[in-house]
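Protein chains: 6
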Amino acid sequence: MPYVSIRVAGTLTREQKAQIASEVTETIHRVANKPKENIMIMIDELSRENIAKEGKLLDGK
Amino acid sequence: MPYVSIRVAGTLTREQKAQIASEVTETIHRVANKPKENIMIMIDELSRENIAKEGKLLDGK
Amino acid sequence: MPYVSIRVAGTLTREQKAQIASEVTETIHRVANKPKENIMIMIDELSRENIAKEGKLLDGK
Amino acid sequence: MPYVSIRVAGTLTREQKAQIASEVTETIHRVANKPKENIMIMIDELSRENIAKEGKLLDGK
Amino acid sequence: MPYVSIRVAGTLTREQKAQIASEVTETIHRVANKPKENIMIMIDELSRENIAKEGKLLDGK
Amino acid sequence: MPYVSIRVAGTLTREQKAQIASEVTETIHRVANKPKENIMIMIDELSRENIAKEGKLLDGK
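Protein chains in written order, with numbering that gives the first Met the number 0: chain A, 0 to 60; chain B, 0 to 60; chain C, 0 to 60; chain D, 0 to 60; chain E, 0 to 60; chain F, 0 to 60.
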């Protein structure tokens, strides 16, 4: 029953999300021996104004 | 101080959210003996394009 | 594909976890029309030293 | 590599987010001896309709 | 600044964790054009008593 | 009703946790105008074997 949460700054295209979901599922299935049908992935696309690194928001203002 | 995060594909009506919040709070209060006023619930409604099961996005394209 | 994360202070018995899982799944299934087999619940039991309310750790020291 | 997730009801201004990110990073750096460049903060602003306390949604309807 | 949280039932060997971390980082880097040094992955290994599917705990008792 | 999740590699002393909880609560209260009694903080201390940066586990083996 693996659950994967992926959180990125900015947006991804549908194609990027599909590709990431497919590959990450494949990796966990193959490496950890988890059935694919039990792997759930959720992707959050956050505004750069809502993420900070080193104490500074990523929108670079 | 229970914290509950509920993440679903697609949207819920306000009524559905209110009912879920009420019932889940009641369950945790009754079963785990936690005071209701300390139970916090957050609901995330994700686009089906942002959730994958079995390696495929839920929007079914 | 609902995913539910429940985080509590202290420990729960297996019976409490089973009861909460059963009831929360039932609620989401009935209220939000989600198939039960797609509902995943994860429970985290945190030490009271690792949770704070009002700026104070719950272990009350 | 600290990761901090902050979830609030309603919206924050960019200034509030920048100030929170700066201060929280500073706190973790100083108190826990973590290099600032490794501290990542993500802020979620949820609708009051999607948060419940004591079993009631925060939008107060 | 992608953040990835992976939650599984049961334990993984160090080798499995290292392989998953390496491949998932590679996927996100290649597909989403994110610098590898900004990708953080956290893995939670939960007891089967703390995960439920279809309303039943995974420990199968 | 702010909820804050702080996840770090390795362990913190009780004193460090208390200080972080106190300061982060103070910051959110002052900057975002949230009542202190509504601010909940949860701290997860992860093994360095369970966190990766740049595709490599932090335990440095």
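These aren't lab readings, by the way, just hints derived from the structure by calculation.
Treat the hints with care, since some could be wrong.
Result set (DSS-like, lysine-lysine): computed pairs, CA atoms no more than 25 Å apart in a straight line [to be verified]:
no., chain 1, residue 1, chain 2, residue 2
1, C, K52, F, K33
2, D, K60, C, K55
3, F, K55, D, K52
4, A, K35, E, K60
5, A, K33, F, K55
Comparing the hints with the structure gives:
no., hint, verdict
1, K52/C / K33/F, "holds (13 Å)"
2, K60/D / K55/C, "violated (31 Å)"
3, K55/F / K52/D, "violated (40 Å)"
4, K35/A / K60/E, "holds (24 Å)"
5, K33/A / K55/F, "holds (22 Å)"
When each numbered hint is compared with the structure, violations occur for hints 2 and 3.
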